[in-house]
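S.K.: If you want the building blocks of each chain, they are given just below.
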Amino acid sequence: MQTENAIETINLIKKFKSTVPNGNGFLRRKTITVNAVDGINLTVKKGELFGLLGPNGAGKTTLVKMLCTLLPPDGGTALINGFDIVKQQMQVKRSLGTLFSVGERGFFWRLNGYRNLEFFAAIYNVPRQKRNERILEVLKLVGLENNTYMTFQKYSGGMKRKLALARTLLPDPPIIMLDEPTTGLDAISSRTIRDFVQTTVRETGKTVLYTTHYIEEAAQICTKIGILKQGKIVAYDSPEALKAKIKKDEQIELVVEGIEQTQIERMRMLPGVIEVTEKNDQPLMAGQRGIHIELQSVDQLPLIFDFLFEQKIKLVNFKREEPTLEDAFIELTRKT
Amino acid sequence: MAVLNELEKIWYFMKRDIVSFSTYKTNIFVLLLTAVFGALSFAFVGQSSINQSVTNAYGTNYTTYLIIGLAFNTYLGQALTLVQKTINPWALEEVLVSPTGLATFIIGSSIWGFIWSTAVVAIYLLLGVYAFGIILTVNIAGTLIVLALGIGTFIGFSMIGSGILILTKQGDPITALITIATSLFGNVLFPPSVLPPLLQIIAYVTPPYYFFTCIRHVLLGWTIQMILPDLLILTLMCAIIVPVGYVVYSVCLKMARKNGTLSWF
Numbered sequence: 002m003q004t005e006n007a008i009e010t011i012n013l014i015k016k017f018k019s020t021v022p023n024g025n026g027f028l029r030r031k032t033i034t035v036n037a038v039d040g041i042n043l044t045v046k047k048g049e050l051f052g053l054l055g056p057n058g059a060g061k062t063t064l065v066k067m068l069c070t071l072l073p074p075d076g077g078t079a080l081i082n083g084f085d086i087v088k089q090q091m092q093v094k095r096s097l098g099t100l101f102s103v104g105e106r107g108f109f110w111r112l113n114g115y116r117n118l119e120f121f122a123a124i125y126n127v128p129r130q131k132r133n134e135r136i137l138e139v140l141k142l143v144g145l146e147n148n149t150y151m152t153f154q155k156y157s158g159g160m161k162r163k164l165a166l167a168r169t170l171l172p173d174p175p176i177i178m179l180d181e182p183t184t185g186l187d188a189i190s191s192r193t194i195r196d197f198v199q200t201t202v203r204e205t206g207k208t209v210l211y212t213t214h215y216i217e218e219a220a221q222i223c224t225k226i227g228i229l230k231q232g233k234i235v236a237y238d239s240p241e242a243l244k245a246k247i248k249k250d251e252q253i254e255l256v257v258e259g260i261e262q263t264q265i266e267r268m269r270m271l272p273g274v275i276e277v278t279e280k281n282d283q284p285l286m287a288g289q290r291g292i293h294i295e296l297q298s299v300d301q302l303p304l305i306f307d308f309l310f311e312q313k314i315k316l317v318n319f320k321r322e323e324p325t326l327e328d329a330f331i332e333l334t335r336k337t
Numbered sequence: 047m048a049v050l051n052e053l054e055k056i057w058y059f060m061k062r063d064i065v066s067f068s069t070y071k072t073n074i075f076v077l078l079l080t081a082v083f084g085a086l087s088f089a090f091v092g093q094s095s096i097n098q099s100v101t102n103a104y105g106t107n108y109t110t111y112l113i114i115g116l117a118f119n120t121y122l123g124q125a126l127t128l129v130q131k132t133i134n135p136w137a138l139e140e141v142l143v144s145p146t147g148l149a150t151f152i153i154g155s156s157i158w159g160f161i162w163s164t165a166v167v168a169i170y171l172l173l174g175v176y177a178f179g180i181i182l183t184v185n186i187a188g189t190l191i192v193l194a195l196g197i198g199t200f201i202g203f204s205m206i207g208s209g210i211l212i213l214t215k216q217g218d219p220i221t222a223l224i225t226i227a228t229s230l231f232g233n234v235l236f237p238p239s240v241l242p243p244l245l246q247i248i249a250y251v252t253p254p255y256y257f258f259t260c261i262r263h264v265l266l267g268w269t270i271q272m273i274l275p276d277l278l279i280l281t282l283m284c285a286i287i288v289p290v291g292y293v294v295y296s297v298c299l300k301m302a303r304k305n306g307t308l309s310w311f
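Respectively, the protein sequence lines represent chains A and B.
For the first sequence, our numbering assigns the number 2 to the initial residue and increments by one for each residue that follows.
For the second sequence, our numbering assigns the number 47 to the initial residue and increments by one for each residue that follows.
Certain hints may be false.
[Unchecked claim] Here are the computed lysine-lysine pairs in the DSSO-like style, where the Cα-Cα straight-line distance is at most 30 Å: (1) B:Lys304 / A:Lys47; (2) B:Lys131 / A:Lys161; (3) A:Lys131 / A:Lys155; (4) A:Lys18 / B:Lys71.
Since the hints were derived computationally from the structure, they do not count as laboratory data.
All chains should be built: construct the whole structure from the sequences, respecting the hints.
M.R.: Listed below in structure tokens is the structure:
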């Protein structure tokens, strides 16, 4: 089926029932319904590296499990590569590779990496004549070519996750879903996986849905980001556009030479200045002082420069603070 | 003081296990039931009338009766638990997201268990023949038919039990009931004719009784025609239990997927 969207969710809903204590007493409990995924409408275009960002319990894993047909929706539906997750499950499974957040799940600990992948290659319908070549290819892609015949139980945490990534890539699916692939990994392994994902998208044109709660990770690699909170998408755009949505006061940092305390006080009186504080968190030369200024808007910036010029204060360094994706994430998840 | 600290730690280990164990209520019930009925089944083994009953029913001695019973009980035990072994929650999720059907998954996961069980049965029978001098006149076609029906029936039970286990997480009453029924009424250790009349009635409505009756007869040279009434009952039971098992397993799996509890332990 030809479609320009790799993933499309249409008012997707998942509810879970849960029992919670109801007052005192061991047996007094009541059942509540939690909307884990609450009417999500989301579109991921083909070839996009889409980041799904959200705090723990936001519904990221539930959404991934629904998209890979593991959890049936309670309302709405989703299309994967144009196939319906409820009515065309087999086609959906053939279009998808999914890496769950716990990478070592489903592997056989006493089998080596090659034998594990050989089993999964069979159940993912990798043609028999191409199986050996494909297994060695994906092992090399994830950097496990020197550990092909090591038993899985001897793999480190990072190697296990890489093997899980190799398993995801094995059937060469057009769409890959990676659920928190770097959680619990060291910095080097995390970076290897991030670099690999970026390269894969760039070179093969695959679509990647990448869930994470690491904000900078999403900012670094994703072309589009959806922020999920309590089962709802509260923001959806490119990382830059999300940052731009933040109505944040203008923050500037100056390093100046020859400023007196009285002049700092006068600076506070300038129109549009909200706060002026000293900031001495970096090594400075004798006579220099670090100043942090919060302005109502960037329009007030010339007033600051004029003041420094009039007062014959030497400007050594100037830095304007940009809002980060973390600022956007915190503000968007707090607001809604 | 150090000893007290260590004792306190031991107490917390035990407390952890008790609290965890107490959350699997079905399992507690099943364990207690199995223990009680397991003990009861051995109470009948010592009865003096067993030899006569065995000779009357099969025309052989108790050693032959017991070796065949124990050998094929291994087989059925394997069939009864094989579907359970496939439902490691994480492995199940990994397979369910692949383009592989449920039937392929169940059959594929169980093949090796049967090959191994066949080797175990062969060892039992070879030892019986060469070490204990039992005499077998195997009706091969009959044996294969009875085995297929017995294994099918027990896989059906296994699917029902495993379906329930997917929901309860530990302890499935079906497997426990079948295990108890097999040991007490199943014609494995003693013929049901040594049981009190009321318990004999239960034996005659359980599939293990018909399986063990038929398998002993075909291994001792009886023809299909000679065992036809028992074989037909076993066939009927198999024809009912296998589809019921598949439906129960599929429904329970669907429920666990809907509730999101598939990967829970």
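S.K.: Enumerate the violated hints, using their earlier numbering and listing them in ascending order.
M.R.: Hints that this structure does not satisfy do not exist here, as all of them hold.
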